[in-house]
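S.K.: The primary structure of each chain is shown beneath.
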Amino acid sequence: MCSACGFPAAPGHWTEAGAPTAHDRLRAKFRRAEVLQNVLPAYGLKVFEGGAIPGIQLSTMTGAQAIVRDLDEVWAMAEKVSGGPVDPLDPRFIGEE
Amino acid sequence: MTGAPEGRVRLTVLGGYLGSGKTTWLRHQLHEGRFKGAHVIVNEAAETPVDDALLGQSSKLTVLSGGCVCCTAKAELVALLRQLCDEKSSGKALDQIVLETSGLADPGPIVEAIKTDPVLVYHIVVSDIVVVVDALHALAQLKSEPLGRKQIETADRLIVTKIDEAGEGALKTLLATLQLLNPGARISGAAKGVEQPLPDFAGVAPEVLPDLSGEAPKAPITPTRLYIDDTIDWTAFTVWLSALLHARGGDIVRVKGVVRTPAGRLLLQTVRKVVQSPEILPEQGDTREDNMIVVIGRGYTSGQLKRSLKYFAGR
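From first to last, the protein sequence lines stand for chains A and B.
If you read the first sequence in our numbering, its first letter stands for residue 3, the second for the next number, and so on.
If you read the second sequence in our numbering, its first letter stands for residue 2, the second for the next number, and so on.
These are computed hints drawn from the structure, not numbers from a lab.
Computed from a predicted model, the values in this text were never measured in an experiment.
Using N, Cα and C, we set each Cβ at its ideal position, and we do this for glycine too.
It is possible that part of the hints are untrue.
[Stated by the list, open to error] As a list, the in silico DSS-like pairs of lysine-lysine whose alpha-carbon atoms are at most 25 Å apart:
| # | chain 1 | residue 1 | chain 2 | residue 2 |
| --- | --- | --- | --- | --- |
| 1 | B | Lys37 | B | Lys144 |
| 2 | B | Lys61 | B | Lys89 |
| 3 | B | Lys193 | B | Lys257 |
| 4 | B | Lys116 | B | Lys257 |
| 5 | B | Lys93 | B | Lys116 |
| 6 | A | Lys31 | B | Lys307 |
| 7 | B | Lys89 | B | Lys116 |
| 8 | B | Lys61 | A | Lys48 |
| 9 | B | Lys144 | B | Lys61 |
| 10 | A | Lys82 | A | Lys48 |
| 11 | B | Lys274 | A | Lys31 |
| 12 | B | Lys311 | A | Lys31 |
| 13 | A | Lys31 | B | Lys37 |
| 14 | B | Lys93 | B | Lys151 |
| 15 | B | Lys274 | A | Lys82 |
| 16 | B | Lys116 | B | Lys151 |
| 17 | B | Lys89 | B | Lys75 |
| 18 | B | Lys307 | B | Lys116 |
[Stated by the list, open to error] Per label pair, the in silico range of CB-to-CB distance:
| # | chain 1 | residue 1 | chain 2 | residue 2 | range |
| --- | --- | --- | --- | --- | --- |
| 19 | A | Pro56 | B | Gly265 | 33 to 41 Å |
| 20 | A | Pro43 | B | Gly286 | 36 to 44 Å |
| 21 | A | Ile69 | B | Glu284 | 34 to 42 Å |
| 22 | A | Ala54 | B | Pro263 | 41 to 49 Å |
| 23 | B | Glu146 | A | Gln67 | 47 to 55 Å |
| 24 | A | Ala44 | B | Asp230 | 20 to 28 Å |
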């Protein structure tokens, strides 16, 4: 376990493949936050990415905060907060009402 | 066949319902010299193993008996695979592993066990799921057994066995039904393990299978090809796919394809909600199908997938 951040050393999440260098990884983290910020506010969550800590920082509209390890935990958290899963095929994402 | 490019050992999962002819097929493949250098693991749900006696051809063979590796004996399987990886790390040659599951196993949880194990995920990649289907009994089993359908839905390759004993009409109906259940799988025929040509079954009506889930009738599974164009980057794609599998993993049976990323060509494959850690492929080889992802499942249209992906990517 990392004594600074408390995360145990686990194999990388599959979504973190595809970024071979440290630069690519940082760029991917910022891009991931940008994509999430496009989706999560509809489910009552905001994303913050300063590039400094591992994990993904989430906050609710009431100010509660959490740091989660990977995207699977993001979706689980969003489901908990909003009462239903983030469904990419929801009419709001595919432009069908 | 040799090990995966980045050094992970390839694992072939051989599944199929009880008595469908898994061991017969595997024995013939070993006799023909396929799966060269493979360590064969045979799982039997019963306490008394018999299959190992039939598989004398293989030089390296381990039998796991007394439980099914997808549920009760999962820990034993993980321990055995870790031991094989340990031996490989200390210099013992190991190119590939063939796991013959018991007839009661669902390949999905086996892939999940390997993917979630912190040691095995670095050492083993499930390269192929082969499911053997009995030409004589499969239609009857599919009508009554949800497990038989699960096995077929997760397969990369379907081997229809005993086709020399089956009537041509019934065989064609079975082939059409298999194609409906898993349109993404390659289907081939075999008799006593020897490959046999299949009859042409174009236009044959598939068998109507009763609903066994107790839920509302589900739409048939269909394959959808999804092209990842230049406007969709890998990060946006992974955010989208992870959300899709979280929300709809029960309906999306398989996702497979090669995606170009800054790290090179990545082979992506999922079995229901489980995603294997992507394998980096060499640059050579057939690259024409790069960035074409096949999504096999139900409950959506190709247009909906495309629009949703574009929304996530912000394009």
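S.K.: Using the beta carbons of Ile69(A) and Glu284(B), state whether their distance is inside 34 to 42 Å or not.
M.R.: holds, 37 Å
S.K.: Given the hint of 36 to 44 Å, is the C-beta distance from Pro43(A) to Gly286(B) inside that range or not?
M.R.: Because 42 Å falls inside the window, the suggested range holds.
S.K.: So the hint says 20 to 28 Å: do the beta-carbon atoms of Ala44(A) and Asp230(B) match that?
M.R.: holds, 25 Å
S.K.: Does the alpha-carbon distance linking Lys116(B) and Lys257(B) stay inside the 25 Å limit?
M.R.: Between Lys116(B) and Lys257(B) the Cα gap is close to 16 Å, so the pair holds against 25 Å.
S.K.: Quick one, are Lys61(B) and Lys48(A) close enough, alpha carbons at most 25 Å?
M.R.: violated, 54 Å
S.K.: Holds or violated: are the alpha carbons of Lys93(B) and Lys116(B) at most 25 Å from each other?
M.R.: holds, 23 Å
S.K.: Decide if the proposed pair is consistent with the structure: Lys311(B) and Lys31(A), CA atoms, cutoff 25 Å inclusive.
M.R.: holds, 19 Å
S.K.: So if I understand the rule, the pair passes when the alpha-carbon distance is 25 Å or less; does Lys274(B) with Lys31(A) pass?
M.R.: Holds - the C-alpha atoms of Lys31(A) and Lys274(B) are around 23 Å apart, at most 25 Å.
S.K.: Given the hint that Lys31(A) pairs with Lys307(B), does the C-alpha gap stay at or below 25 Å?
M.R.: holds, 24 Å
S.K.: Quick one, are Lys307(B) and Lys116(B) close enough, alpha carbons at most 25 Å?
M.R.: violated, 28 Å
S.K.: Hey, Lys116(B) versus Lys151(B), does the alpha-carbon distance stay inside 25 Å?
M.R.: Holds, at roughly 19 Å.
S.K.: Is the Cα-Cα distance between Lys61(B) and Lys89(B) 25 Å or less?
M.R.: holds, 13 Å
Hint violations for this structure: numbers 1, 3, 8, 9, 13, 14, 18, 19, 22, all remaining hints satisfied.
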